[in-house]
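**Student:** The primary structure of each chain is shown beneath.
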Amino acid sequence: MKLELRNITKRFGTLVANDDISLTLKPGEIHSLLGENGAGKSTLMNVLYGLLQPDEGEILIDEKPVKFYGPGDAMAAGIGMVHQHFMLIPVFTVAENVVLGHEPTGKIGNLDLNAARKLVKEISDRFGFDIDPDAKVQDLPVGAQQRVEIIKSLARNAKALVLDEPTAVLTPQETDELMDIMRGLAKSGTSIIFITHKLREVQQVADRITVIRQGKVVASPSPKASASELASLMVGREVDLDVKRKPVKIGAETLVVKELTVLDDRQHQMVDGVTFSVHDGEVLAIAGVQGNGQTELAEAILGLRKIHSGSIEVAGQDVTKSSVREVLEAGLGYIPEDRKKDGLVGEFSIAENLMLDGSFGAPFAKGVQVDFAKRDEIAEKLIQEFDIRTPSAQTLAKQLSGGNQQKVVVARELGRELKVLVASQPTRGVDVGSIEFIHEQIISARDAGKALLIISTELDEVLALADRIAVMYRGRIVGIVDSKTTREKLGKMMAGIAA
Amino acid sequence: MSKKELKLAELEPESKEVSVLKEIMSGDPVRIALSVLLGFFIGAIFMVVFNPDVVKSWSNFGADPNYALSTVWWTIQDGYGALFSGSIYNLNADNFINGIRPLTETLRFAGPLIMAGLAVSLTFRVGLFNIGATGQMMVGLAGATFVSTRLHMPQVIHMLVAVLAAILCSMVWGIIVGILKARTGAHEVIVTIMLNYVATDLFTYFLREPGLLLEANGGGTPKSDHPDGTAMMGALLGPSFKLNYGLIFAAIAVFVYWWLMERSTFGFRFRMVGHNASAARAAGIKVENTFVWALAISAAFAGLAAATQGLSMDGGLTTSIEAGIGFDAITVALLGGSRAGGVVMAGLLFGAFKAGSSSMQVAGVSPEVLGVVKALIVLFIAAPPIIRALYRLPKPEPKVFAAIQQAKAAKVIK
Amino acid sequence: MSKIEVTPGMFSKAETKPSLKAPITMLASALMVLVFFGFLGKAGNITYVWSDKREVVQLPVYTVNSMFFCIVLGALLLAIGGISLVINLQKKRTPFWLIAIFGFIAMMALLGWLATGAIQGVQMIFILSNTLVLAIPLILGGMAGLMSERVGVVNIAIEGQLLTGAFVSAVVSTMTGNLYLGLVAAMIASGLVSMVLASLAIKYLVDQIIIGVLLNVLVIGVTNFLHSAWLDNDSAHLNFPGTFDKIAIPFLSDLPILGQVLFNNRITVYLMFLIVPVLWYILFRTKLGLRARAVGEHPLAADTVGINVGRTRFWWVTIGGMVAGLGGAALTIGNVGSFGREMSGGQGFIALAVVILGRWQPIYVTLSALLFGFTIILRVWANQVSPGIPVDFITMVPYLVTLVAVAGFAGKVRPPAASGQPYEKG
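Chain order of the listed sequences is A, B and C.
FYI, in this note's numbering the residues of the first sequence are 1 to 499.
FYI, in this note's numbering the residues of the second sequence are 1 to 414.
FYI, in this note's numbering the residues of the third sequence are 1 to 426.
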């Protein structure tokens, strides 16, 4: 089967996620789609899988245009997709998951699980997957779950398989196994679109490469291209970011994190023995691909997550076992990565949101009563100072644009006395104007002698703000480097290759 | 998604007047009014259809259509007329005192409903669907019964101690829910349902035991002595009216609730947890502790309602003193939008329904129809799509709707 | 923009410890039996009566010394608790059948202790057959709750559905003179109540719990009104349905103990015998069930393989309502005959608890419902054999057991993952 995407354009409001992208997939080839987070890869694949409708352009199968109104259409046309977050039902067995939606049945409409088992066994054996059809998916390691997803597609006779960041969740050994599987599939005639931002893997398996940046196809380099060549294509040329900043005036160590280990609910070590410190008057940025433990690190520092071992110190005070409120009172400010979930109360007014963590005492409260006059006065002042575009301080936060919502969060955290600011993805989902403004605020806080920890998956942002950069990979810090480090080198560090 | 976006695009170019009208039409007061209206209307249909006179007259519709139609009219007028004269003002009364008595009865019935409604409202606003007011009232009643029948104290003090006992007992019950929720994450709906039954059984047991609350010379039926006169909530407006001091407690409760939720920092944190527990946690609030506090304070309101019920009725106490108020409180809270003012209005409406029941009975219309009206009104208010579909009202706030769509689109692109 | 979930496996894993709650609960109850019913128990004899006078095969009557027997049973329970502990230490969960055996022995001890010295003894047939009949509405209501929760909709309206079924079956049976028509009408009416819940919850995404509560209030209001304004006027022609005749199944009903209890019943009981296994079969052995469970666990995943989430939810909730309607009919034409005001008396809420106790499995839900049925009859019976016993505490037991279960003391109870969550197509 030959698959072609021709001149696909997809817009979300003013944002152009895919801009005139064309792509062909020949039978039996592995076509790698390379690009940074947010480059538009997933949008393109959702268009291909019928989850989104393109605004312009068309999809052709064997030279004939087709239209997909839902995943069902795409599946029927022979396209299979392995989502980054598996679409598997944890409590079902492998066989049940594979046949769900097109179940073999017996005479009285009963489920023919033997047929399902045979199907799984057959595909599993053909490609050497080694999967037990009767195992419950939740008991399988992630690598095996992924193979179940692949079996699921193959069981529906998928001729073209889309693998969306398939190695993001795999161990190195599992990654190697997946590479073998991909080669085996391609040899048997299945074509594969392999979405990734990991250069090494692309070099290993790709027959063809298409690089996407900011929604556009920027190059189709040869698979023999060097890693640094691919990296510069992916992240773009070095941009001269015009950030006015004074030289660093390093002060005392205000945030000290030592040998920090944090577990998630399933007892995985999301943060694994991390040590670093942030001085007054500097910005330390934590770079890394999403999901490498940065979220958990930030939450642990704030006291939202229980710390398994290690210690955290804020301005000389040990806050390892402190509650969130104690950490905040020790002088820490926090900008969460997801403002809608953790940073704002949408149903509250801007004024109320600005006092979210200040309800325990002055200036917002007089005793146990909210000081409304003072609250509104502070709100007016912060709205001015932080350029929050709103009809009034009583407007509900949910009615503001993303950029202005983020400014509310920034205003709240920087608007009070603090010693350290921890900011996760401070400009995610924010318009360009607000990004600039927020960056300026962060830099001026640095110049005012505060210690700042910025966590960002955007390399541009890291390079624009950081004095030092720590790169996180699988819960560990790969290395701490200065801000003059090249993108290529950072990119490699983000893929786990130590400096 | 593209279809929805198209629809939004169509909405926008409309003239300003139309959109303002839309906003008013989809706003709360109009929707509540329409819900109430529709509730009464459907209630009227029930009264008419199941009235034997109407049925008889309509079987002869061909012979006398005017009569048939007028029976319909008279049935409705009898029913709702009796409701009015039983709950607001009796137009047939010989003097003002008798005329206004129905209104005081409405107030008397409304008191406990409002207090229990506040109890449920408070937890709604913390984001908990607490339906445990029944159980909290039962336990509160047990406390009030013990103090009022077993202890003996001077006038007023006795009553206040009994009220306090009811509040404390209820709070214990509320705290149990809070701790179970906070510590184990057990769903509060199931926990409160179970605790309602346990509380009822517990109170029944107390009433059955001679050493505990069973009346002197009592037999098999679980019933307490009549509370001491010193513990009773006296008449508020003199002996001509049954209205008692419970109303004062209700008024205090409403004020406290309003202050707590709208003015105090506790209320600020309660509402924060209710709207976005995750953000509250990041703002340094211990969400689990907040649940426990909220349920404790909420239960205090239920305890006050229990005390008012227990200390104002003639005769010994039984579990039936609770009178379904704990369950009605859920509907009062939903109807009142969990706000102090709204709960007062809802409590008054339901109080009027209770007060008007007997005169409807006298007028030959089953007062049970009010149960239907009540349920329908709250259903229409809680499920906006029904009333919007019935009246073809516009959807509210297209801007917010668009924002949701945008957020969703953003999620897809990640 | 929600936080991106990290699929586990990429980070190394720390150790986990198994929970000791189940064995500890069992050992504690065993000790209570041993001490309070045994060593500190009542002097006198217990008579266990295993046969009804009408039965063909008469089993011998066993009489034992109360304290001695309870000590034996208590020791047995301790042993089972010990086994559970051993199983637990091997990092496995105590199997359900072991808990069931434990429960049965504990029940025998409790019954024996209550009836120590009583002339009528422990009337097993009376207790068991009443347990079954009283549990029918709970079982069928539980099936309704299970069916909707399995597809991800919380059904708080079971109470209303039971009441609707009870009302409609009584009225239609009386008016048509045909009890079977009443049964069908009850199912249709309750199915309609469920449809309202389903469409508001699924299509309009109104809060499922609020809608459920309000539907209960509405049904209570409507049936109360119709009862007083309509049925009471002419109950002979409106509310006098009678009940189904008991059907004794040949041969089976002659079996000792079980014969009278299980095979001499009304059609509603037999329908339950049919529905529970059929539902189990559909849920776990057919494609319909597989899809339903997929929708309840992970609607997005179900959607990506082409399953219509909304439609699946709608029909399962609706048919669940019909089953609850049958349960309502069991209250009237399957047991007492005429309809009484608010006669479901909160059984719909108990059905909710039964679903949780039974871990969303038809068979276990049935067993949990039987536990509740047992406590209802136990209360009545205990009052006769052992006057002065605080019966209110007996009634409390299943509620407390449910509390313990939801609080997670008796092992982790896991509802369908998407239960209560609306699903909106993105």
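In case anyone wonders, no lab produced these hints; they're calculated from the structure.
Predicted model, so just to flag it, every value in this text is computed and none were measured.
Mixed in with the good hints, there may be bad ones.
Calculated lysine to aspartate or glutamate pairs in the EDC-like style (CA-CA distance at most 20 Å, straight line) [as the list claims (entries may be wrong)]:
no., chain 1, residue 1, chain 2, residue 2
1, C, K91, A, D139
2, B, K242, B, E262
3, C, K91, A, D265
What the simulated footprint calls covered on chain C by chain B, stretch by stretch (three residues with Cβ under 8 Å from a Cβ of chain B suffice, anywhere in the stretch; the number is not a length) [as the list claims (entries may be wrong)]:
no., stretch
4, 204-218
5, 226-237
6, 360-370
In silico negatives: residues of chain C with every beta carbon more than 12 Å from chain B [what the hints assert, rightly or not]:
no., residue
7, L27
8, S29
9, T47
10, Q58
11, G177
12, V184
13, V222
14, T243
15, R341
16, F349
17, I356
18, L400
19, T402
20, L403
We put the CB at the ideal spot given by N, CA and C, even for glycine.
**Student:** Against which earlier hints does the structure fall short, listed by number upward?
**Tutor:** Per hint list: 2, 6, 13, 15, 16, 17, 18, 19, 20 violated.
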